[in-house]
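J.: Sequence:
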Amino acid sequence: MKTFADYGIKVSGGSGETTTTCPQCSHARKKKNDKCLSVNLNEGVWYCHHCGWTGSVNNKRENMNIRPNNTLEKKTFTRPNYTPPSSVPPEVSKWAKQRGIAEDVLGRNKIGLKGGMIQFPYYKNGEVINIKQRGLEDKTKQRLESGAELNLYGYDDIDNERTIIVEGEPDKLSIETVGYKNCVSVPNGAKGLTFFDNCRDRLDEVKAFTWAGDNDSDGKALEAELIRRLGPERFKRVTWPADCKDANDVLTKYGANTLRECIEKAKPYPVEGLFDITDITEEVLDLYDNGMSGGVSVGWKNLEDLYAVRQGEWTLVTGIPSHGKSEFLDALMIKLAQLYGWKFVVCSPENQPLKRHVAKLLEKSVGKPFRNGLIPKMDSPDLMQGLDWLNDHVHFILPPEDDLTVDSILSIAKSAVLKYGINGLVIDPWNELDHSRPNNMSETDYISQS
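By this note's numbering, the letter at position 90 of the sequence shown is numbered 96, and the numbering carries on one by one without gaps.
Hints are supplied without guarantee of correctness; some may be wrong.
As the list claims (entries may be wrong) - In silico EDC-like cross-links for lysine to aspartate or glutamate, where the CA-CA straight-line distance does not exceed 16 Å: (1) Lys-425 with Asp-207; (2) Lys-226 with Asp-285; (3) Lys-242 with Glu-167; (4) Lys-242 with Glu-229; (5) Lys-331 with Asp-434; (6) Lys-226 with Glu-288; (7) Lys-242 with Glu-267; (8) Lys-366 with Asp-388; (9) Lys-242 with Asp-207; (10) Lys-349 with Asp-398; (11) Lys-242 with Asp-255; (12) Lys-425 with Asp-203; (13) Lys-41 with Asp-207; (14) Lys-331 with Glu-438.
No lab work stands behind these hints, which were simulated from the structure alone.
Based on the sequences and whatever the hints tell you, model everything.
T.: What follows is the structure, given as structure tokens:
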């Protein structure tokens, strides 16, 4: 049987669980010493929380035609060919002038033109990794290069002291026009954070952000998700004039001084526990216009009229032992992931070893048995597709048994929000945590404190 050393994994000790650096990705990370690889010495298995590398020292996986050193392949990207123009194309100059964007800003960002489409090259460490093409007249005609890396526009302009985040290339160019080069744009507007994994380590190095996104419902949703992942204490928020949607709108209607003033007057996000009326005015107006928002349907008709799930709230599941509480929780988690794309982190000490828990989740997500019986088990393609899907939607917390506390679980879950953008935390069962209760604390006080 192989050892961890055969896979380049450096561990000490012969039992229990530990963390170490990952031989697959740590050498390429800025935080090279970050112990992102969780290793279970008893089970002989490992999982990297950064690149997703997982494996086992036993050779059973090789019999399934799965590479023992990487069951889930890390993504690779194509690199587009881009030749920067020697000067700004006249059509692009005209387009920019109508929007108040300076000529020298176009030149510095190497904006080009091809087939009647403006070309915005995406640079990372001095190399073009993607190209956004946008119609000169019709801004709805937009596309990024297929198979290329999705990342922030202006990645090389990220500033460690403060970085401004906007929702479109013209907005980034507008803010640079009035003197702020430290500005980036999300690549696909408010359509999600699929790019986030490709810039997470770089954003970790930034002390503070200013959100200067679109003043619409989609922009506010993106703002909320970015703040949830990066932390509200690091953010300021720009307020646009009432008749303006974004930075370029302000520049076009009111000029450079007003746009500069909006950025300089950006307000910090509220301090936890301290509120002014101005901090919650938008929420009050939304409540007035739309009423109290409900949760999402769980997808089961016999339950959806009785129960709904809403992010930021908690649900307590109780019942008679061995009557299916854990199975219900797993099924609910998979259902929410399938219906809404939610991501979860799970701490389930009684669902060990982990591979058995994964097998049960595979049955629920694939819809076929994991083992042969009256119904044939899932085939290898179903299995691999199911593993890929689970890897995107479910992550696990496995702290050492002597550190199985609420504080340790919440600390890891907080990291999972930043790393994966999780929407939910599952702790099952609660009584596994009760053993960490101090001797001088009652069960009631312990639950209340938690």
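J.: Now, for every hint given, state plainly whether the structure supports it.
T.: A quick look at each hint next to the structure:
{"no.": "1", "hint": "Lys-425 with Asp-207", "verdict": "holds (9 Å)"}
{"no.": "2", "hint": "Lys-226 with Asp-285", "verdict": "holds (14 Å)"}
{"no.": "3", "hint": "Lys-242 with Glu-167", "verdict": "holds (13 Å)"}
{"no.": "4", "hint": "Lys-242 with Glu-229", "verdict": "holds (11 Å)"}
{"no.": "5", "hint": "Lys-331 with Asp-434", "verdict": "holds (9 Å)"}
{"no.": "6", "hint": "Lys-226 with Glu-288", "verdict": "holds (11 Å)"}
{"no.": "7", "hint": "Lys-242 with Glu-267", "verdict": "holds (14 Å)"}
{"no.": "8", "hint": "Lys-366 with Asp-388", "verdict": "holds (14 Å)"}
{"no.": "9", "hint": "Lys-242 with Asp-207", "verdict": "violated (21 Å)"}
{"no.": "10", "hint": "Lys-349 with Asp-398", "verdict": "holds (7 Å)"}
{"no.": "11", "hint": "Lys-242 with Asp-255", "verdict": "violated (20 Å)"}
{"no.": "12", "hint": "Lys-425 with Asp-203", "verdict": "holds (7 Å)"}
{"no.": "13", "hint": "Lys-41 with Asp-207", "verdict": "holds (14 Å)"}
{"no.": "14", "hint": "Lys-331 with Glu-438", "verdict": "holds (15 Å)"}
Hints 9, 11 from the list above are not met by this structure, while the remaining hints are.
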